[in-house]
Amino acid sequence: MAGDQLTVLNALDVAKTQMYHFTAIVIAGMGFFTDAYDLFCISLVTKLLGRIYYHVDGHPKPGTLPPGVAAAVNGVAFCGTLAGQLFFGWLGDKMGRKKVYGITLILMVVASLASGLSFSSSPKGVMATLCFFRFWLGFGIGGDYPLSATIMSEYANKKTRGAFIAAVFAMQGFGILVGGVVALVVATAFDRRFKAPPYAVNAIASTVPQADYVWRIVLMFGAIPAALTYYWRMKMPETARYTALVAKNAKQAAADMSKVLQVEIEAEEEKVAKISEVGSNSFGLFSRAFVKRHGIHLFGTASTWFLLDIAFYSQNLFQKDIFSGIGWIPPAATMNAIHEVYKIARAQTLIALCSTVPGYWFTVFFIDIIGRFAIQMMGFLMMTIFMFAIAIPYDHWTKKENRFGFVAMYSLTFFFANFGPNATTFVVPAEIFPARLRSTCHGISAAAGKAGAMVGAFGFLYAAQSTDPSKTDVGYPPGIGIKNSLIMLGCINFVGMLCTLCVPESKGKSLEELTGENEDNDETGQAATTARTVPV
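According to our numbering, the sequence shown is numbered sequentially starting from 14.
Any given hint might turn out to be false.
[Claimed, not checked] Straight line, CA to CA, 20 Å or less: simulated SDA-like cross-link-like pairs of lysine to any residue:
| # | residue 1 | residue 2 |
| --- | --- | --- |
| 1 | K172 | G109 |
| 2 | K74 | V221 |
| 3 | K520 | F386 |
| 4 | K111 | L99 |
| 5 | K520 | I309 |
| 6 | K496 | A404 |
| 7 | K208 | H352 |
| 8 | K248 | M233 |
| 9 | K208 | T347 |
| 10 | K74 | T59 |
| 11 | K284 | A268 |
| 12 | K111 | P250 |
| 13 | K484 | Y407 |
| 14 | K272 | M249 |
| 15 | K248 | I237 |
| 16 | K74 | K484 |
If you are wondering where the hints come from, they were derived from the structure by calculation, not from laboratory data.
Generate coordinates for the entire structure from the input sequences, incorporating the hints supplied.
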């Protein structure tokens, strides 16, 4: 089968790790850095938004966002991301990866800046404007998922492809970390410059007028790294796999990769024509042949990402509420508005530093050694174990003397999410589908993940409320409590283990070997049986 592969694709598969690989990681990774920063920084400032825009005179607690507003502010970017993943994933297969890549970046920069410039004469108007721009921010972010993964997959060699794609995704960890650091720096600077008493001492004075700048600066900062990488994104040539296998331009693919690899590559126009004539290289996404060959794979990648993101995003977006529940963040009334941002940001930064970032890089180092399947299965298993270990004796962890043990368990859950399915669900869809459908299928899988994120984000707001009506947040009905919510998340992780059995192992194989694009066969889907093999 290697003899049937185009020389230009084989050259990419066997290329030694070179500077262009690292350049591609940085260019694609900075987009992901921005994605993570923009998606997660909102959780740092939602309490502040409540204090500024929803203060109630005489109330013993600071103002909070009403349930509907909180759900919209936290979740609207996910709606945009889901739509962007589907639309730009499809567009990346139609127009090419490179052309669409610049569009998503411009959209992210403009929407980031506009989010921080959400002004109105009424609180409802500010929130509506903020939600509008965060939808379009999410739309741009959504396009970055399938395009970054597909570009890195198609540029990489087969020996270290998993590590390269995982390294792009690992930039998400730095995005979350930097989000916390930026909020810490801004909150510290404003807290020192504009002194304010705690809410319990003076409710009005506890939120200084200048606090309105804090959340705007935090949100707008996300535009900077995205803007810095625009030029380099436009300088990247189109991937050879798209140019040769989808656009059918063998000469251009050979010319582009000759420059990248700095070797002379022959343009095999006859072989490209021959490959494109094979029946198995022409079936569409909604064909019987696709369902027969890749249907189980698409179910596996979409379902595991959906289940993982329910757990991952419900924790990450609302970890400030969990930390408050165990006393790691003091009661809101004992702090002024800006100091509360500092405390929330400190907690998120510590979690990112201790578990989120290390987990991503463990995946980078081990994914091409032990494989995607093993890492994903292990990650779901450990998340299930730790989630139950936190949930079942939950009353034990809420006691002050045990709070550091709780944080350790919570950090381990996050560590195995990232040294596990959070990374592998991003990597595998970029490898196992044909070039002409690769970006689309990755977008579908990622969109399923964002649907899970919405279930986690919206559902957790309500589910985690206390069963005692007198202890719920203002405006929320009683829920099932944090303990039962965590048990539910543990069960979801277990189902994720079962769905992982539908995901193939792609370690060490060329993309064309996985998809059967080099094979002479009909549409019966007999090729690439190796891609259907599930290790057990």
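Tested hints:
no., hint, result
1, K172 / G109, "25 Å, violated"
2, K74 / V221, "17 Å, holds"
3, K520 / F386, "9 Å, holds"
4, K111 / L99, "17 Å, holds"
5, K520 / I309, "18 Å, holds"
6, K496 / A404, "5 Å, holds"
7, K208 / H352, "10 Å, holds"
8, K248 / M233, "26 Å, violated"
9, K208 / T347, "15 Å, holds"
10, K74 / T59, "15 Å, holds"
11, K284 / A268, "16 Å, holds"
12, K111 / P250, "7 Å, holds"
13, K484 / Y407, "17 Å, holds"
14, K272 / M249, "11 Å, holds"
15, K248 / I237, "19 Å, holds"
16, K74 / K484, "12 Å, holds"
The structure is inconsistent with the numbered hints 1, 8, although it conforms to all the rest.
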